[in-house]
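Residues per chain are reported as follows:
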Amino acid sequence: MPPPDLRRKSALAAQFAGARANPGPAAVATVAGLINGSTMVAGASAIAWATDHLVVPALAGAHVPARAWWLSASFILGVSAIRWCTILVRGVSTGTVQYRAQAQTRRAVVRRFLDLHPDWHRERPAGKLLAHAGGDVDALWSPTQFAYFAAGMVFMLVLALTELFARAFALGLTGVALVVLVLGLNVTYQRLLAPRARDAQAARGVVSAVAHESIQGGPVVRGLGLTAVEDERFAPGVERLRAADVRLASVSSVFDPLLELLPTAAVLVVLGLGAPRVQQGSLSVGDLVGVVYLLITIAIPLNVISRFLSMLPMAAAGRERVHGVLGSADVVPDGDLDLGSSGPMRVELRGAGVSRHGRRIVADLDLVLEPGTITVVVGAVGSGKTTLLDLAGGQTHADSGVVLLDGTDVRALRRDAVPARVATVSQSPFLFAESIRDNLALGGSFSDEQLWRALRLAAADEIVRGLPDGLGTVVGERGATLSGGQRQRVCLARALLREPRLLVLDDVTSALDARVEQQVLAAIRDLGPERPTILISTGRPAALSIADHVVVLRGGRIVPAESAEEPRAAAGIEESSGVR
Amino acid sequence: MSAELLADLSGIGPRRLIATAVRVSPQLRQGLGLTVVLALLAGAGRIIAPLTVQHVIDSGVAPATVGPAVVTGAAAVVLAGVSSVLLNRRLQGRVEAALAGLRRDGLRRVHDMAAPTADRIPSADLVTRLTGDLDQVTTFLQGGGVQFLTNAAQLLVATGILLVYGWQLALPVLLVTAVLVAVMTRTQRVVARRFDTARRDLSALQSVVAESVVGGPVIRSTGTRARTGAKLDAAVDRSRDSLIATQVPLHANASLGEPAISAMTVIVLLGGVWWGQLSSGQVVAAVFLVTFFVRPLQFVVQSLGEAQNALTGWRRALELVTTPGSVDADGRPLPAGPVGVRLDRVSARYADGPRVLHDVSLRIAPGEHVAVVGRTGSGKSTFAKLLTRRLPPAAGTILLSGIALDELGDLGGRVVIVPQDPFLFDGTIAHNIRLGAPGATDADAARILGQLGLHDWQATLPDGLSTPVGVGGERLSIGERQLVALARTALADPDLVIFDEATSGLDPATDAAVQRALTSLTRGRTTISIAHRLSLAEVADRVLVFDEGRLVQSGPHRALVGQPGPYAALAAAWSDSNNLSS
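Residue numbers (my numbering), protein chains in the order written: chain A, 1 to 580; chain B, 1001 to 1582.
If you're looking for bench data, these hints aren't it; they were derived computationally from the structure. This structure is a prediction, so every number in the text was calculated from the model and none was measured. For glycine and all other residues, C-beta sits at the position ideal for the given N, C-alpha and C. Heads up, some of the hints might be wrong.
Here are some chain B residues pointing at chain A (derived, C-beta under 10 angstroms) [stated by the list, open to error]:
| id | residue |
| --- | --- |
| 1 | Pro1063 |
| 2 | Val1085 |
| 3 | Leu1130 |
| 4 | Leu1141 |
| 5 | Ala1192 |
| 6 | Gly1216 |
| 7 | Ser1280 |
| 8 | Tyr1350 |
| 9 | Pro1419 |
| 10 | Leu1424 |
| 11 | Glu1480 |
| 12 | Pro1494 |
Please construct the entire structure, taking both the sequences and the accompanying hints into account.
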């Protein structure tokens, strides 16, 4: 089902969009709401009828026929039975609309996260994205819970006012005055609430972001004894949220009672206006009672309509944020060219450069990776190794120059072309909170034999064999139950399993001990005749042993290797050898 | 799984929950008496309408009595209004202050709690307890929570007036109420159960969303958007279904007020006339009172769902806050000066997994520099986790400076581990280094970088120390993050420092330079380096060799390298890897 269309800049329009996306339950809720509204007017008439035909004559000593008793009881009970049904039906179908629309929007938002560009993600803390998918979507659809109730109540107001005018013009005017006053107050109320609601929602985002970061950095906080520092950092956001919520409350604490008590005030006015008319005989006591009953009941619709309206500002703030995600055009580019399916890939960087936040990360990179070769990138910390790898592997796009895979500009490729042919393993190995099998296959169909072969190549077979359920073992959140080195090898196995045409390894052997590192590098070197083109960055010299070419990076630029010793020097081998 | 790690309050009734809430946030109790009086005034003021109607009808609708009655009514309405405003302000102010306190206590508790607990609870779940769960309380308050209170007061006042009219009318009304409340509380239990399920599913959804956000790069590079999308959809749909499942009992419950109100109306109307002891004004007023009695009851019931939500949210925050902290406030302090380490027959395992460390006994003298080596998976990192209390030993005892680890108080800043993948806070490099020591300045940060020989690296940064590191250190490479963490730790000046492959992301030249600097910086404190390079083992006073979870060799590099055994084999492999390319 398509998600509700949220382009129109109003929370009310969003409610209609939610109804259009869920027409069945929305229609049922609307009908139930309208019937419910009319039973409220009918209920007041029942009381009025019983007063005139039963209460007043009987207590005045007159004879009342049995029919009047029965009619009074069944009139009141019948209307009530209908209302009972509509409350239940309206409630359940309203909930269905609300939670379906919520789920549809949430699906759209979280799926959009997957489509948005890494640069977009880099600018936004995870806590903020969680708030968009959670609280903001909730806020957007929270008015729905009162929407159909409120619609029925608007209908009820129309019926009630018609009824009042039918009794006496002055009573009708009192009713209109009441409704106009209440709605006028509401408009003012909303105007005051809207900016405060936005503040509160923004403060919520801040609190969530700080909490998320602080909890993620828990080990650092604990290790350095920063609990008090973190509390101090958290406090301003919490205080801002508290103040914003109290500011919201200070408005509602005046308007809510005002709105609630206005109907009682109207009853007093009606008594004042109605008494002379009863005296003159133009109005019966029952009529007056019916009108009072109606006005007292009007408190409910006005209250519901107010609550519906009062949720709109928060919903509008939520809509803005949600739409900010859904409407963002910063998606991963998607061309229409594909890459061939077999043989090692040819990669060419022509004058490629990347800057971020005014920081030039790499510049003027000219590099060719011939098919089937192994290229090793060395360089000091901060020299741009990872960025070069991201460029060559099609993970990042160049600001200047081009990157060609098999002669095709990366930006012209279909979005799925690169993942299908290129496998990368990053410095920070990430595993899903799933079984090892699922983490390797990621939904693809691979036999256990293939999985074990990949694990063997990555020297991870022993690790998996040692786990309680082997391939079926579920690793913790982000693979927390494995050590860094173990995660790295499982991630490497995941890459090798896909038999890529280009394999990009970003310092993946850093957490391995020398013997395992040797084993892994040998396995990569001996991948066979179908060996992919391989690009490795490393801070350690071991990988140089399998390199066909060595690239030295310094300050984001490739420096020519002046002598055979240059790469070794850049990799710092002199510094760390001579051990024996 | 997560709920069992925290204090579990899900079994206790609302009364004890509220008692716990008041204990945690004492400001809720202050001035409770005045709050109750205000609520009663606000509730009573609303009932003035039916009483005025009674008076007017019984006076035969004579204009002479109508005037004063209307004026009295108007005064009562004003009084009720003012009381409501005051009540609203008091209540919301108090509760928001309590919520703010809970948020801060909660975060503090996350950092105080036993590290293994914190490691095992999904971080999104903890964040939800401090944010979304408590926001439910605000939502409830702003969406009619205070009316909840005034309505309850109105209920009381209406009952009182009905009793004054006559017990003959009040009794059947109260009987119907009793039946209503009995049925409602039963349904309410179903509602609560279903909301609890919904809340759990929402929390699980948060975890899945967090995973998809954090794992974004992997998802993109493996082209598995569809797979993650399906997982997200399943979690979203599941929480949607469990939310919708709350709706039938919730609204069935809410609608029960309707048959109750009509039954009471008919009883009062027909019964009042049949009984014949009341005036027609009193019968009509009684009919209105039924409305004034059941409407608040209905409102209270209707809001019960939201109240339940709010209470569940509050409970989840309280569960976090009332979880005992691992840092024993009465714990003994670590004696000043370098730390001695002693392990006696220590074994370790992760959760219910197999033992990964067997019967390890060792001593490290105060001020000693020890390197720990071994193959991947030999138990090196487990050893580090034991010393930093991130993993409790399965057997045996660990002593720091002669005091058992579980008797020690806060070790923050004294025992510090520098991991392979250090976490940085979103801020500048200087900001992250300064965290090492309270009150440190940017100059201190620059000085420490100088002492570590990192001026060259600093010069490559676009804004020097003011360069922002990005979320989680995103904008820096792993190696750069490690440098910041090293500088941060050097500034912290701990008495026991554990480097867990803390420089693995550095190129060998930088690594060697940093190591040299660290050696001079760590002089005078106990240092444990979990080594990934032989050069680290060479400079240590002593090398501990782990193999398959056992301590197999211990001695200085020069002695061990000559003996046949695991260390000599490791050393050979290291040297080979350095010479292969020549």
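Each hint tested on the structure:
1. Pro1063: holds (6 angstroms)
2. Val1085: holds (6 angstroms)
3. Leu1130: Holds: closest Cβ of chain A sits about 5 angstroms from Leu1130 (chain B), inside 10 angstroms.
4. Leu1141: Holds. Min distance 7 angstroms.
5. Ala1192: At 16 angstroms from the nearest chain A Cβ, Ala1192 (chain B) fails the 10 angstroms test, so the hint is violated.
6. Gly1216: With Cβ-Cβ at 6 angstroms, under 10 angstroms, it holds.
7. Ser1280: Holds - the Cβ of Ser1280 (chain B) comes within 10 angstroms of chain A, reaching about 4 angstroms at its closest.
8. Tyr1350: holds (6 angstroms)
9. Pro1419: Holds, about 7 angstroms.
10. Leu1424: holds (8 angstroms)
11. Glu1480: holds (5 angstroms)
12. Pro1494: holds (8 angstroms)
Comparing the model with each earlier hint shows a violation of hint 5 alone; every other hint is respected.
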